[in-house]
Structures are given as structure tokens and as C-alpha cells.
Amino acid sequence: MNSLLAELTAAGRRPKETALRSLRETGKKGVGCFPIYVPEEIIHAAGLLPIGLWGGQTEFKQADKYLQSFCCSIMRANVELGIKGVYKDLAAVIITAYCDTLRAVLNNWPAAVPGLKAIPMVYPQNRLEPAALEYMLEKFRTLQKELESISGIEATPDRLADSLALYEKYRAGMREFTQLARSHPLTVDVRLRHNVVKAAYYMDKAVYTEKLLALNQWLASLPEEKGGIPVIVTGLLAEPESFLALFAENGLFFAGDDLAQESRQFRVAARPDGSPLERIARRFLDLRGCTFFCDPLKTRGELLIQMARDTGAQGIVVCMYKFCDPEEFDYPVYKEEIEAAGLPLLYLEIEQRMDGVEQLRTRIQSFAETLRS
Amino acid sequence: MFLGVDIGSSSSKAALIDKNGGLIGSQVINQGTGTDAARDIAAILLAAAGVKRQEILYSVVTGYGRMIYRDADAQVTEISCHGLGVARTLPAVRTIIDIGGQDAKVIRLDGEGRVVNFGMNEKCAAGTGRFLEVMARVLGREITALSALAAQSTRPVQISSVCTVFAESEVISQLAAGAAPADVARGAHLSVAARVAGMCGRTGVAPQVAMTGGVALNRDLVDAMAIELGVGIQVPPAPQIMGALGAAYYAQAKYARRPA
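If you read the protein sequences in the order shown, they are chains A and B.
Mapping of the first sequence onto my numbering: residues 1 to 373, in sequence order.
Mapping of the second sequence onto my numbering: residues 1 to 260, in sequence order.
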């Protein structure tokens, strides 16, 4: 395997180890970023290292004091890991308010993890109103001050512009990588693809982007590969690896993704005009088809159908994260549209920690058999 | 000859067909994956049919235990196998309801017998054969006696718990309060039918409809299912072997397509 592909895959597979190494090598203080979206550029401009907090494989013992069993296991894992001290090397965490569970976590965090400062980040839901930008800028300024007080470094307009430029380079690289993964499904199978994308959450973006672009260059030099059945995957995230292995086992690969943890993070580029803070804010306002932002036009189905048509995908796989209410609310709407478009649709309910995948194996294998017949 | 083996969670099935697709023989043993029956079912069928192993040109295994079965040439999911088995047996069927030991499936077929959509129950046992096993145990009956018992019902009880464990407690309470066993048995069938009908709502139901799997031998449950869906339901002869039969047809097709 190519050394960069191996390195980034390993980095994505071992979040804690990668994050600790990044903190050590950069000498920066770390700021944990709860799902779904956080303006990492502001954290970066304030001289801090953003670290993604996307749950993990842990048993729930203490988190259940604060969250009911019907809360999603990513949030329960984050609280559990916080209580256990796994985040002790972070200077703060940013907790967003995209769903009811996140709001509950935000409220309970001071009691559950008293030693780790939580900074709230609330986004406007009605993003089509002009006031949404003003609201967002105000929230970003508040966040900026909080972050500056942690690092002692002012996130000046110049620093913000530099950070935004770096992140735009990173996002363009990610978009290119997902395209190259589509044209090289044998070299970059679904597990490698996922881990390369995920590694970005735990590495300094400048270091990561440099490696990613070199990896892209190498992939682009390889002849295109044919093999397997292309599908589009949608949902909050698609892991663990034992789950992804079922796709590889059955000859399915991701022609594209609409995962909140993956392409939704980088599929929208910043607009060219405006101040750095405005450009960062507008990128959030420009994101369409994401369940975590109100989308009155309900564009997700149309987006998925278009993605399938553009990429030649033969079907769409829904990775419904158990107890993710926002994702569940969207499903009936886009299911009807996708079926009307004549695209095969597979619904899978998943969690990060799954002790058995036999039922999922049967569903994925049956779907593959259906697509092949 | 071609062999199909279906290793389920609670029973093992095998079917043998000739080169023209004609059924030579079949076997059903009510022991599933991990048991001796799962290992021996093919040998038992071959011995009963007087066929030597070397006469089998190709074999396919399906079912929950397919991944650990080592004696087949290929493995195919039970969804595809039930689809093919029914498509060849009852060609006009477009919707299959397969209720097995630990899961329930709704399979939609197109006009050429290909699977175009399917749904499965989630991890819980509600709406599956396991639920009926629990009910039979509470009633002190064999599972095969549930149908005749339920047919005597005059006032079926309502089982409101979705969870099998809670439903068991609920049924014990109802029996303690004087509910007739026949009414409880019928209530259990209505509960399974309602649960599976919910799954049918996701995949859609197109006539004709057939039921497969061991639970399809329960006539009262088939009737309850037909009432719940508002359509007639056919039961193929030997509904338990539809998966194994489909596997045998897959074996035949795979043999024909094998590389020269």
C-alpha cells in the first residue's frame, strides 16, 4: 500500500493516538469539536488545534446518569469519554445544538465533566433570512473571543484569512480525494476512504492537507480502476470498520457520499467575496440537503438522485444512525423521491458499536445481489 | 443434480433438484445453525434420496448460518433464495412474506421473479417465529398446536406489548385473569400479523402474495395475515424449503455460468 494512504488510514483508525501526537507536535492547545459542524477556521486562527469528537467504542457506565438510553450513542460516548478523562488534554470543547440530545449534553456537561470548559455554538435554523448571517456572525464573534481567551492569540482578520485559505485548500483536496476514490475503488476501498477522511479530524490541517494532496497526486497518476458496484451512501456517518467491511465483502463501493461526518463537511466551498468571517459564515448558510439545518425546500432527495446520476451509482444506501431524530425525520421525504426516480434504496440502522453484523450482512449482500441480477 | 442448503436460526433445510429443475427430494430438521443437523442435513438428504455426493454438480448454501457452512460451492442470501424459490414455484407471486425463527422478511419480486425490494425486522424477536415459540411455551402447547388452538378462539385477546419479553408477561397476566388459551393464541397471531403488516407498509404489497418459512404452516396465522393486509395469501407446498429450493436453483444457474 502507498505509504501516505497507509499513514492517513492509520491516523483515522486511532483517533486518540493521532490527536495526542498532533497536540504534541504542534505545541498548541486542543479544542474538542462536537458534531456536526464547527467553524474550525476560527479555532485555527486563534492558534488552537481543533479535534473532532465523534464518539468511539466505549461501554456506557457513567454517561447514563446524564443521558437516557434512547439518546444516540455518539453523544453518550462523548459524555462517557469526557467523564473518564479521555479529553483531559483538551483546553475546551465546543458543543453545538443541532438536536435535542446535543442541547441536553450542553446543559449537562458542566455537571458531568466539570474540569473541561464547554463553549456553546448555536446556528440559525432559518438560514434563508438575511438576519441569519447577522446572527451567525455575532455567534462567531462570541466564539472567537472565547477561543482567544484560551490561547492568548488574537484571531486577526489576516490570521482568519490565512486559516480560511488553508481550510479551502483542505476542502478542495477532500473533494478531489473522494472523486479519486470513486475512480480507484480497488486501491481505496470503502474502509480506507473512510479512515483517510476521518484522519482530518485529528491532525493539524496544514500537515494533513499536504499529505492529502500528495496522496491525490499519486492516485491521479494511477490508471482508473473498474470493479464493484457503485452506490451513494447517506446519513450521519458510516462506521465502524466491521460495518464498512460488509460493503467491500460484497463488491460495493462508494461513488459518493452524503455523510455528515464526511462530504457534507467539505462539499461546499466558501464564496469568494466578503470578510473572512462572513465567508466562513456563508459557507454554513450555503449548505443544502443537510438534515441538521432546516431545509424548507427539502432538497436532499433531489441531491441524492443527482449524485447517483452524476456518478453512475446504481443505488443509494441509507445509514440511519440509531436514535438520530433529525435523520429519521428526513427519511420518508427522500425515500419517496428516490423510489419515484426508480433508484434502488437500502435502509440500514447502524451504531458505532455493533457486536454482531449478521443482519446487516444479509441486507447488504441481498442489496448487492439485487443490483447484480 | 444440484443441491440447496438453508441453515436457519432454528431449522436446517435442504433440497435437491435434477438438471431440469425438478425436485428430487427435500429434508427439514428443526435444529438450526451451530447444531449437528446444520452440519449433516445435506448428507441426510443425499442418503434418503440415494444420491452420492459426487453426483452433485454444484451446491449453494443460504440462511443465517450460511457464512460458517463449509460444504457448499457458493453462498447466497435467503432473501434472494426465497425470491427464486417462490418465483419458480408460484410465478404470479409478487410479494413474499417469510417469517423465520428469528426474523421476518418481506420480499418484492418483479414480473421476472427478480428481487426488487425487501424489508427485514429489526433485531427484536417481535413478529417472528421466536415470538410464537414463547407464546406456545406460556400456553403449555407445542408450537405446531397453536393454529388449531387459535381456530377455537371466540374473543381474541389484544397483546399490546411490542417486545416479546414484555408480551410474555402480559400474556401470563391475561391467563391469570381468566383469558382462554385459544383467545391468547389467536391474539398472538394477530400481534405477529400486525407487526409484519407494518413492515409490508415500508416495502409495499403487490398481489399475488405468498407466505414462506415454517410459520406459514400455521394456517390461523396465515389467515390473520391475510385479514390484516386485506389480500389473499398463498402458501406454496412445503413452504419451509423455499429457501433451500431457491438455493438449488441458484446452484443450477451458477453451474451454467461457471467459467469454462
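These aren't lab readings, by the way, just hints derived from the structure by calculation.
Each residue gets a CB set at the ideal place from its N, CA and C atoms; glycine is no exception.
It is possible that part of the hints are untrue.
[To be verified] Examples of chain A residues toward chain B, derived with CB under 8 Å:
#  : residue
1  : Q144
2  : E351
3  : R353
4  : D355
5  : Q359
6  : T362
7  : Q365
8  : S366
9  : E369
10 : S373
Structure-based check of all given hints:
1. Q144: Status violated, d = 45 Å.
2. E351: Nearest chain B Cβ about 11 Å off; hint violated.
3. R353: 14 Å, violated
4. D355: 11 Å, violated
5. Q359: 7 Å, holds
6. T362: 5 Å, holds
7. Q365: The hint holds - A:Q365 has a Cβ within 8 Å of chain B, the shortest such distance being about 5 Å.
8. S366: With Cβ-Cβ at 4 Å, under 8 Å, it holds.
9. E369: 5 Å, holds
10. S373: 5 Å, holds
Checked against the numbered hints given earlier, this structure breaks hints 1, 2, 3, 4; the rest are met.
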